[in-house]
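Numbering follows my numbering, with no gaps: position 195 of the sequence shown is 195.
Please note that a few of the clues may not be correct.
[Claimed, not checked] Cross-link-like lysine-lysine pairs, in silico, DSSO-like; alpha carbons within 30 Å at most:
(1) LYS259 / LYS286
(2) LYS6 / LYS200
(3) LYS286 / LYS247
(4) LYS200 / LYS221
(5) LYS329 / LYS65
What the hints contain is simulated information worked out from the structure, not anything from laboratory work.
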Amino acid sequence: MKLIRKILFPIAIIYWIVTFFRNWLYDMGLFTSKSYDLPIIAIGNLSAGGTGKTPHTEYLIRLLKEKYKVAVLSRGYKRSTKGFVLANDASTAVELGDESYQIHTKFPDVAVAVCEDRRTGIENLISINNPNVILLDDAFQHRKVKASFYVLLTAYDDLFSEDFILPFGDLRESAMGKKRANVVVVTKCPASLSSQEQEKVKQKLQVEVPVFFTAIHYDTKVLSLHSTLPVSEIISKEKVIVAGIAKPKYFVDYLNSGKDKVMIYPDHHNFSEQEIAVLNDLAQDKILVTTEKDFMRLNGKINSEKLYYLPITSMFLEAELDFQETIFKIIKKGNKN
């Protein structure tokens, strides 16, 4: 893999030039970004994935939904539909994409929509739902819209400052894109990360905006449609672990007993009939534990009495109130209602 990336280095240089020129055109005003009269918070990253956008979007939903009418808009990666789609009771993961469907099922009182063109999506949400605030999921590079506030995520063990642009590295654009961020959140940190270590990370990032640190918080139970099981009980048991996410190592390491059958697939993987048959066969005498995102695609295809998922949330290591206060200030400033 490393050899292939070295071979692709000249393509990465071309890609860097293209993305740099595109951003320059927006920065100079030669390409226009549209602003709106309500606060819009964009959550995104510079890398191609694996920074934990969905848990952090869900964190913001929980933070805001009791005080404001919140709507969530994403492009709906790998969905079967096109154009603007507003989630409803009949929606599926195939129609919305797994991440948007996950958010919709967890927060049915929040408007969740998908649209490739974020301007169209925002304008439809305003017309149909009239929200107080819109969360743009995975929209850091979508510069046709000028968000009120940009939350830039970067994983602790894969900082954007130590990466390179695709296809030589994993960045969608160069690290110069950090200039558009209003805050940076370093995700997937060790829960014990000291203040001294945090300062070292800040020095590596070299940003002039506040930097916050979060860790993955795993639930104490795995869930199915019918029951729950304590994680402490299932960790030591032989099981099937299934992960179709960008960086499955954390999830697998947390659950793996050393005797488990581990099945790894690409991020947002659409499981074939043959793959489903294999998983059902493996789960005949064991439970199958997967991520929440994968559960959205596997539910209804795997024996429901065997299929469990492990919920996760994002947990701030410190300064959580400072982050919350920053978000509330942006919303109060941008919301005329």
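Evaluation of the provided hints:
The hinted pair formed by LYS259 and LYS286 meets the criterion: a straight-line CA distance of about 12 Å does not exceed 30 Å. Restraint check for LYS6 and LYS200: satisfied, since their Cα atoms lie roughly 29 Å apart, inside the 30 Å limit. Annotation: proposed proximity of LYS286 to LYS247 holds, straight-line Cα distance about 24 Å (limit 30 Å). For the suggested pair LYS200 and LYS221, the alpha carbons sit about 34 Å apart, so the restraint of at most 30 Å is broken.
Only pairs whose Cα atoms come within 30 Å are accepted, and LYS329 paired with LYS65 is accepted, the gap being roughly 15 Å.
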